[in-house]
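Following the hints, complete the assembly by docking chain B onto the known chain A.
If you're matching them up, the sequences are chains A and B in order.
Going by UniProt numbering, the letters in the first sequence line up with residues 1 to 367, in that order.
Going by UniProt numbering, the letters in the second sequence line up with residues 1 to 367, in that order.
No lab work stands behind these hints: they were computed from the structure.
Every residue gets a Cβ at the ideal spot worked out from N, C-alpha and C, and that includes glycine.
It is possible that part of the hints are untrue.
To be verified - Sample of chain A residues lacking proximity to chain B, with all beta carbon distances greater than 10 Å (derived):
no. : residue
1   : Gln-90
2   : Asp-147
3   : Val-148
4   : Ala-234
Unchecked claim - Simulated DEER-style distance windows between Cβ atoms:
no. : chain 1 : residue 1 : chain 2 : residue 2 : range
5   : B       : Asp-144   : A       : Ala-311   : 26 to 32 Å
6   : A       : Ser-41    : B       : Asp-144   : 53 to 59 Å
7   : B       : Arg-302   : A       : Gly-240   : 52 to 58 Å
As the list claims (entries may be wrong) - Footprint (simulated), chain B over chain A, 3 or more residues, beta carbon under 8 Å:
no. : segment
8   : 8 to 14
9   : 330 to 342
Protein chains: 2
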Amino acid sequence: MALISPSRRIRRTPFSDGVEAAGVKAYTVYNHMLLPTVFRSMEEDYRHLKSAVQVWDVACERQVEVRGPDAGKLVQMLTPRDLRGMLPGQCYYVPMVDETGGMLNDPVAVKLAEDRWWISIADSDLLLWVKGIAHGYRLDVLIDEPDVSPLAVQGPKSDDLMARVFGDGVRAIRFFRFGIFDFQGRSLVIARSGYSKQGGFEIYVEGGDIAMPLWHALMEAGRDLDVAAGCPNAIERIEGGLLSYGNDMTRENTPHEAGLGRFCNTATAIGCIGRDALLRVAKEGPVKQVRAIEIDATALPRCDRAWPLMAGDRRVGQVTSAAVSPDHGCGAAIGMVRMTHWDAGTALSVVTQDGPLPARVRDGFWA
Amino acid sequence: MALISPSRRIRRTPFSDGVEAAGVKAYTVYNHMLLPTVFRSMEEDYRHLKSAVQVWDVACERQVEVRGPDAGKLVQMLTPRDLRGMLPGQCYYVPMVDETGGMLNDPVAVKLAEDRWWISIADSDLLLWVKGIAHGYRLDVLIDEPDVSPLAVQGPKSDDLMARVFGDGVRAIRFFRFGIFDFQGRSLVIARSGYSKQGGFEIYVEGGDIAMPLWHALMEAGRDLDVAAGCPNAIERIEGGLLSYGNDMTRENTPHEAGLGRFCNTATAIGCIGRDALLRVAKEGPVKQVRAIEIDATALPRCDRAWPLMAGDRRVGQVTSAAVSPDHGCGAAIGMVRMTHWDAGTALSVVTQDGPLPARVRDGFWA
Numbered sequence: 001m002a003l004i005s006p007s008r009r010i011r012r013t014p015f016s017d018g019v020e021a022a023g024v025k026a027y028t029v030y031n032h033m034l035l036p037t038v039f040r041s042m043e044e045d046y047r048h049l050k051s052a053v054q055v056w057d058v059a060c061e062r063q064v065e066v067r068g069p070d071a072g073k074l075v076q077m078l079t080p081r082d083l084r085g086m087l088p089g090q091c092y093y094v095p096m097v098d099e100t101g102g103m104l105n106d107p108v109a110v111k112l113a114e115d116r117w118w119i120s121i122a123d124s125d126l127l128l129w130v131k132g133i134a135h136g137y138r139l140d141v142l143i144d145e146p147d148v149s150p151l152a153v154q155g156p157k158s159d160d161l162m163a164r165v166f167g168d169g170v171r172a173i174r175f176f177r178f179g180i181f182d183f184q185g186r187s188l189v190i191a192r193s194g195y196s197k198q199g200g201f202e203i204y205v206e207g208g209d210i211a212m213p214l215w216h217a218l219m220e221a222g223r224d225l226d227v228a229a230g231c232p233n234a235i236e237r238i239e240g241g242l243l244s245y246g247n248d249m250t251r252e253n254t255p256h257e258a259g260l261g262r263f264c265n266t267a268t269a270i271g272c273i274g275r276d277a278l279l280r281v282a283k284e285g286p287v288k289q290v291r292a293i294e295i296d297a298t299a300l301p302r303c304d305r306a307w308p309l310m311a312g313d314r315r316v317g318q319v320t321s322a323a324v325s326p327d328h329g330c331g332a333a334i335g336m337v338r339m340t341h342w343d344a345g346t347a348l349s350v351v352t353q354d355g356p357l358p359a360r361v362r363d364g365f366w367a
Numbered sequence: 001m002a003l004i005s006p007s008r009r010i011r012r013t014p015f016s017d018g019v020e021a022a023g024v025k026a027y028t029v030y031n032h033m034l035l036p037t038v039f040r041s042m043e044e045d046y047r048h049l050k051s052a053v054q055v056w057d058v059a060c061e062r063q064v065e066v067r068g069p070d071a072g073k074l075v076q077m078l079t080p081r082d083l084r085g086m087l088p089g090q091c092y093y094v095p096m097v098d099e100t101g102g103m104l105n106d107p108v109a110v111k112l113a114e115d116r117w118w119i120s121i122a123d124s125d126l127l128l129w130v131k132g133i134a135h136g137y138r139l140d141v142l143i144d145e146p147d148v149s150p151l152a153v154q155g156p157k158s159d160d161l162m163a164r165v166f167g168d169g170v171r172a173i174r175f176f177r178f179g180i181f182d183f184q185g186r187s188l189v190i191a192r193s194g195y196s197k198q199g200g201f202e203i204y205v206e207g208g209d210i211a212m213p214l215w216h217a218l219m220e221a222g223r224d225l226d227v228a229a230g231c232p233n234a235i236e237r238i239e240g241g242l243l244s245y246g247n248d249m250t251r252e253n254t255p256h257e258a259g260l261g262r263f264c265n266t267a268t269a270i271g272c273i274g275r276d277a278l279l280r281v282a283k284e285g286p287v288k289q290v291r292a293i294e295i296d297a298t299a300l301p302r303c304d305r306a307w308p309l310m311a312g313d314r315r316v317g318q319v320t321s322a323a324v325s326p327d328h329g330c331g332a333a334i335g336m337v338r339m340t341h342w343d344a345g346t347a348l349s350v351v352t353q354d355g356p357l358p359a360r361v362r363d364g365f366w367a
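The following block holds chain A by itself, in its conformation from the complex:
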């Protein structure tokens, strides 16, 4: 692996000082910002995440804030998910698509009020699309990237750690709901959400000045819980089938291909750009779709490119994320497979940069 060159363009976060002090070993870049990927080792981080509690600098989940009388109308234009029943205090996972139904991002929409939303984005400059649409349609909204940096607390001991810092009230937050909690006199949005299957919270830290005080408070409060700095773990998220925009789906794919049809209400999402393009696929289903792929391997090269999935000489799909699972003793992968070969149990071959390996379509992910 090569080094990463620092520059202002690859933005530090309000938590970077803490991340560095904790001995971060590797980064990726996400929304033009540093995202840690390894602290001790991928495997040690994985074991720790599944057994204790971690504090994650996910400031790179930037917010697109939409405010104003047309805010709700605009957010509905961006997604085939029907938002009519959504209440302030709720978070919705919302695939966002262009006029052809191609995915532009898969953010979480946080409805703060009828006229104020945060779109908590995956890795694309969704701000530019939202601004372009708002301008083109002459909508009465303000759109910006506020000084809000999510900090995630993830792992089985998350509730205990959070309760020590924010009080027992956090235990009552339901999945994909949020509440407002006080930290040093500041009101923070705290949601039960996060990019792991181990449970936990995301704290939307508003104002970079309280970022390190909060980081230290969590580390201090969790000492006997074995709290540690962590980050989204590639092995754990693949086991759990958590997709990554840019890896497992791109602008080439519809939400239905990404297996996100359950988050689409294409027929009733009136006003959604791309609705016409998606109606047919929403009804008939896609011709290829995301599947869990098990690879017969105890070691894998890094999945830094799409790996073709072959049925004999025929390319029937591709793997886009892969890692060896210590807990399951196999290669765990996320792939997209054509419908002719997507049934559970189908034997395929996956072509890595180091050669082909036997693979099999599973009926679901591991976690």
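Same frame as chain A, now just chain B:
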């Protein structure tokens, strides 16, 4: 420095095999793609670039292709530069702004034909803005990212190397013009341009399959010219005053603040989004602007964040790119300074993460 974690999301380029074989030591991420930053060392790469010839994988300069009857109209909507006199065969450096005049990118527009353009972008997903505007205004255009990966040939021996591979005709290409040249039966756009002050070309390699054959042909042909794999060099580009979007200007800045007023014809750029917002600043000038900053230092920490520029206790600007110049024996930096302190010779202090250093505003860049 930490390592960079590979994943499909951080896209490899059609030249990555060559870059790796040449021993790349560090990368940055640019338009969701790998961009090499160091081969031997920053200083050795710098010396070599100034004396020989380098081949650069700048595939990350992705193209936004705009085709169709409204293509010219749309491109003019994106920039305050007046494009009416632009002919097919020309490249224009075009600051692109939002409705408030804030910079969204500083690409090179390549006019292939009246109804076909490539916008060769800096590091932001400009595609999303262009698509949003085209959709909102119902323009008759097709917009996409084609399979086009620029390969730059830079350095004083660039003409000699290029002539060996493409024939002497390349020597006649004028600055920011392009011609069509043959390589193994394929027609390639070759422009006299590039992100250094050492002269050279950018080859718009259409079709990933001929990328490595071209890479090898250049390396083979240039053996006695001391050709080597290289990359945009931070020291050289700062000496030359080549700005970097995301480093030296962002969406917060107008083109005038970035010192790009000479590329704006705000009064006559009819149709430009953001024109109204820019008219006043175009006439009266900005209150802060990019300047060359000399720092009294023989060593500098990495400029991975904005460094405040102070006049006593008053913050009067910031440095956003900095490196020690071996040829000039000082710290060379790009900063933005308020008009009260931007005159050449003004003594300031620059606050790095390792403490303050004496600095001075220069009347121009070094190269």
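Subject >> Enumerated hints in conflict with the structure, sorted upward >> reply: 4, 6, 7 and 9
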